[in-house]
Amino acid sequence: MIRKLRVRFVAASMLSLLLVLSVILGGLNIFNYRSIVSDIDSVLSLLRESGGALPEALGDFDWREAGPRYQSPELPYEIRFFSALLNGEGDVLSTETEYIFAVDEENVNAYAQKAWQSGNASGFVGNYRYLLYAEDENSRVIFLDCGRMLAGFQDLLLNSILIALAGYAAVFVLVTLLSGRIVKPFARGYEQQRRFITDAGHEIRTPLTIIDADAELLAMELGENEWLNDIRAQTRRLSALTGDLIALSRMEEKQNLPMIEFPLSDIVRETAESFQAPARRQGKRLEIRVREGISYCGNEKGVSQLVGVLLDNAVKYSCPESTIVLTLDRQGRGVRLRVENAVECMAREDLENMFERFYRADASRSSASGGYGIGLSIARAVAEAHRGRIHAALHGGHTLVITVNLP
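Going by our numbering, the sequence shown opens with residue 979, and the numbers climb by one from there.
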């Protein structure tokens, strides 16, 4: 229980940190990328205004209009671009490669065709950003070399991810080391609660035994009457509740549970057969589907109690004159136990909380049937003690299916 609490705390902390880092890094890099593309498009727009080439008098060209990042007078000598003129069919009529040395006319034709076929007015072809626009009866496409800017963006992206991963790992180590101290108060409270339940259970058993014995003696001397019967009935209910609380506490502790190889098929069938009579008395039918020959290494008493709890819950709370189906089968290297029964109605909240201590979906009905909301908590504790998993689902709106997977 304590280990699970630490794991959940660390997982929740790291997931929260991951979400925050993802938002920060994603926002930072997306903003940076959009800013780079915006600056590139500004330069392309200025080149478009000059007809796809630099003006002859560079000093007369107002590069400051490109924005605060392009106010350097050296910009006209730094940018590398080329352009192509295309007709209405997309054929290249002429090219301009005076301001770039990395591409030849064949490359220009290939890039121009890709830009034309994309159908977009702007975009990327490799490391080149292009702008396609109409020029008289033809179309011109200008390509601007963005290799250095894209490389800078990629470096920033990679470095930010590496720094975030390093920080994430450091925080993970720190949170893991501190998690024990953080959950210590909860662990202490849980241990005190568990010890109180166990000690109180043992202390309550003695007076209950005395009360029950005294009631038996009074019945022998005075004869049976409704008050003595009520005393004995309530004594038995309290004794059962005490036993369930102690069993739940021991199972959740997961210590000193003897694990042996035993015939699981036989144990499940024997336990299920004992519920045939109670089911018939309530007008219900119990159908047992157990695959023979299944053995399992675990706590025999605990598994038997698990089966009993599930069937007891099904017999008590299933619809009148319905069929309860218990199935035991292999599932990979483990086994799967399923109990299905019809229910009148069940809310989603009931499915999520039905394995919690003292939770009762219908308090009045549970009290009338003698339930305290402990049984399914014991079932979950038994499953977890065997490193298994138990969950409930509602099929068709009126069929409750509780499935236990044991490795």
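Hints were generated in silico from the structure; no laboratory data involved.
Treat the hints loosely; a few may be bogus.
Subject to a maximum C-alpha distance of 20 Å in a straight line, what follows is the list of computed SDA-like cross-link-like pairs (lysine to any residue) [stated by the list, open to error]:
1. K1294 x A1371
2. K1162 x V1151
3. K982 x K1162
4. K1162 x A1147
5. K1279 x K1162
6. K1162 x R981
7. K982 x G1004
8. K982 x R1367
9. K982 x E1076
10. K1162 x K1294
11. K1092 x F1131
12. K1279 x A1371
13. K1279 x D1244
14. K1294 x R1263
15. K1294 x D1244
Going through the hints against the structure:
A threshold of 20 Å between alpha carbons decides the hint, and for K1294 with A1371 the separation of about 18 Å falls inside it, so the pair holds. For the proposed pair K1162 and V1151, the alpha carbon gap of about 18 Å is at most 20 Å, so the pair holds. Distance restraint check for K982 and K1162: the Cα-Cα separation of roughly 13 Å lies within the 20 Å cut-off, and the hinted pair is therefore satisfied. Proposed proximity of K1162 and A1147 is contradicted: the alpha carbons are some 23 Å apart, above 20 Å.
At most 20 Å may separate the alpha-carbon atoms for a hinted pair to count; K1279 and K1162 exceed this at roughly 32 Å. At roughly 11 Å between alpha-carbon atoms, K1162 and R981 fall within 20 Å of each other, so this suggested pair holds. Among the hinted pairs, K982 with G1004 is inconsistent with the structure: their alpha-carbon atoms are about 32 Å apart, more than 20 Å. Distance hint between K982 and R1367 is fulfilled; the C-alpha atoms sit about 14 Å from each other, no more than 20 Å.
For the hint linking K982 to E1076, the alpha-carbon distance of about 68 Å lies beyond 20 Å, and the restraint is violated. Between K1162 and K1294 the CA atoms are separated by roughly 39 Å; this puts the pair beyond 20 Å, and the hint is violated. Simply put, K1092 and F1131 have alpha-carbon atoms about 24 Å apart, too far for the 20 Å limit, and the pair is violated. Under the criterion of a C-alpha separation no larger than 20 Å, the hint pairing K1279 with A1371 is inconsistent with the structure, at around 26 Å.
Under the criterion of a C-alpha separation no larger than 20 Å, the hint pairing K1279 with D1244 is consistent with the structure, at around 13 Å. A distance of roughly 12 Å separates the Cα atoms of K1294 and R1263; the hinted pair therefore holds under the 20 Å criterion. For the hint linking K1294 to D1244, the alpha-carbon distance of about 24 Å lies beyond 20 Å, and the restraint is violated.
The earlier numbered hints that this structure contradicts are 4, 5, 7, 9, 10, 11, 12, 15.
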